[in-house]
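S.K.: Respectively, the protein sequence lines represent chains E and Z. For the first sequence, position 111 (counting from the first letter as 1) is numbered 111 according to the working numbering, and the numbering increases by one without interruption. For the second sequence, position 54 (counting from the first letter as 1) is numbered 54 according to the working numbering, and the numbering increases by one without interruption.
These are computed hints drawn from the structure, not numbers from a lab. Any given hint might turn out to be false.
Identical copies carry no separate label here, and so any pair may be met within one copy or between two of them.
Computed list of lysine to any residue pairs in SDA-like fashion (alpha-carbon distance at most 25 Å, straight line) [unchecked claim]:
#  : residue 1 : residue 2
1  : Lys166    : Glu127
2  : Lys166    : Ser80
3  : Lys166    : Ala48
4  : Lys166    : Glu77
5  : Lys166    : Thr99
6  : Lys166    : Arg146
7  : Lys166    : Leu47
8  : Lys166    : Ile131
9  : Lys166    : Leu5
10 : Lys166    : Ser114
11 : Lys166    : Ala30
12 : Lys166    : Thr15
13 : Lys166    : Ala144
14 : Lys166    : Asp79
15 : Lys166    : Leu24
16 : Lys166    : Gly45
17 : Lys166    : Ala58
18 : Lys166    : Arg128
19 : Lys166    : Asp50
20 : Lys166    : Arg25
21 : Lys166    : Asp27
22 : Lys166    : Thr111
23 : Lys166    : Asp26
24 : Lys166    : Thr78
25 : Lys166    : Ala16
26 : Lys166    : Arg151
27 : Lys166    : Ala29
28 : Lys166    : Ile81
29 : Lys166    : Arg95
30 : Lys166    : Asp52
Remember, it's a predicted structure, so these values are computed and weren't measured experimentally.
2 protein chains.
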Amino acid sequence: MLDLLNLPVTVPASTASVVIRRALRDDLAAIMRLLSDDPVSAGRGDLARDEDEPAYAAALDRIIGDPANELLVAVTETDSIVGTLQLTVIPGMSRRGSTRLLVEAVRVAGTERSSGIGSALMRWVVERAAIDLGTSLVQLTSDAARTDAHRFYRRLGFVDSHVGFKFHVAIA
Amino acid sequence: MLDLLNLPVTVPASTASVVIRRALRDDLAAIMRLLSDDPVSAGRGDLARDEDEPAYAAALDRIIGDPANELLVAVTETDSIVGTLQLTVIPGMSRRGSTRLLVEAVRVAGTERSSGIGSALMRWVVERAAIDLGTSLVQLTSDAARTDAHRFYRRLGFVDSHVGFKFHVAIA
Numbered sequence: 001m002l003d004l005l006n007l008p009v010t011v012p013a014s015t016a017s018v019v020i021r022r023a024l025r026d027d028l029a030a031i032m033r034l035l036s037d038d039p040v041s042a043g044r045g046d047l048a049r050d051e052d053e054p055a056y057a058a059a060l061d062r063i064i065g066d067p068a069n070e071l072l073v074a075v076t077e078t079d080s081i082v083g084t085l086q087l088t089v090i091p092g093m094s095r096r097g098s099t100r101l102l103v104e105a106v107r108v109a110g111t112e113r114s115s116g117i118g119s120a121l122m123r124w125v126v127e128r129a130a131i132d133l134g135t136s137l138v139q140l141t142s143d144a145a146r147t148d149a150h151r152f153y154r155r156l157g158f159v160d161s162h163v164g165f166k167f168h169v170a171i172a
Numbered sequence: 001m002l003d004l005l006n007l008p009v010t011v012p013a014s015t016a017s018v019v020i021r022r023a024l025r026d027d028l029a030a031i032m033r034l035l036s037d038d039p040v041s042a043g044r045g046d047l048a049r050d051e052d053e054p055a056y057a058a059a060l061d062r063i064i065g066d067p068a069n070e071l072l073v074a075v076t077e078t079d080s081i082v083g084t085l086q087l088t089v090i091p092g093m094s095r096r097g098s099t100r101l102l103v104e105a106v107r108v109a110g111t112e113r114s115s116g117i118g119s120a121l122m123r124w125v126v127e128r129a130a131i132d133l134g135t136s137l138v139q140l141t142s143d144a145a146r147t148d149a150h151r152f153y154r155r156l157g158f159v160d161s162h163v164g165f166k167f168h169v170a171i172a
């Protein structure tokens, strides 16, 4: 949990406002559905299968218990989960000892795309969360296939200055 | 500090072996020099200036005191620092609750390039550190200008599947 974040917070989206709050253990099924609702995630095995629930539950516990991480959900007035993202605060030496804010796993429900929720979440990250956390650099990587997302991040002021590499480790 | 890493460890490079060990507060000046020795870092303000030492010292303390982070140095037989990199363990929900290993700030001294030290460091990360830490995905971003580094990461088995975005936050 990132104690310095002022949550919950209501942010304006294009259609209606959404509330950003910390994810709770009770949100597990909704977050699993949100991941599986995304074609790129589904292609990597995020299929909201019952048999995978223990692995996701353990992961959620690790995130909630980690002082450098926060899993957030965007909810409607009726507390229906329509978006999620994860923040990680990372101290570093480069850029004169800058602390970074890494954004991972930004997802918005398929039914809510073009509703401005993704934009509202990310504006809150760069305009509010990064300030409260004292992080001067916000960074994220986006799958090369997500060209719509890339346009979206550029519109928000992100610069695609880097190449993101992944290596899959075979763990016994 | 990442307790699960078995350090120090001696790894073979092309010319001579190097030892990977945890960075100490006494390594501050050498790490500042290593950052400033890199043209891309120098262009971002990492110039090893005396006036910046307090900021770097505070950053080094934050990294050393953080249970999810480890700053490593590669040293010669005579304990001369010739390389550095930072590891961050990040719990996550996506990819069925995978924990990731983020690699940041990989730097090798200008005088030691082509000596196989970068390769030795990164092989140790994917073949040993990631296993010991139980992280099934290793990820990093590399400045788009570092085309030599990109070839190097591809040779090691990294896939450049993502675009890396950065946003600079104006902190008062």
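S.K.: Quick one: which hint numbers does this structure break? Sort them smallest to largest.
M.R.: 2, 4, 11, 12, 14, 15, 19, 20, 21, 22, 23, 24, 25, 27 and 28
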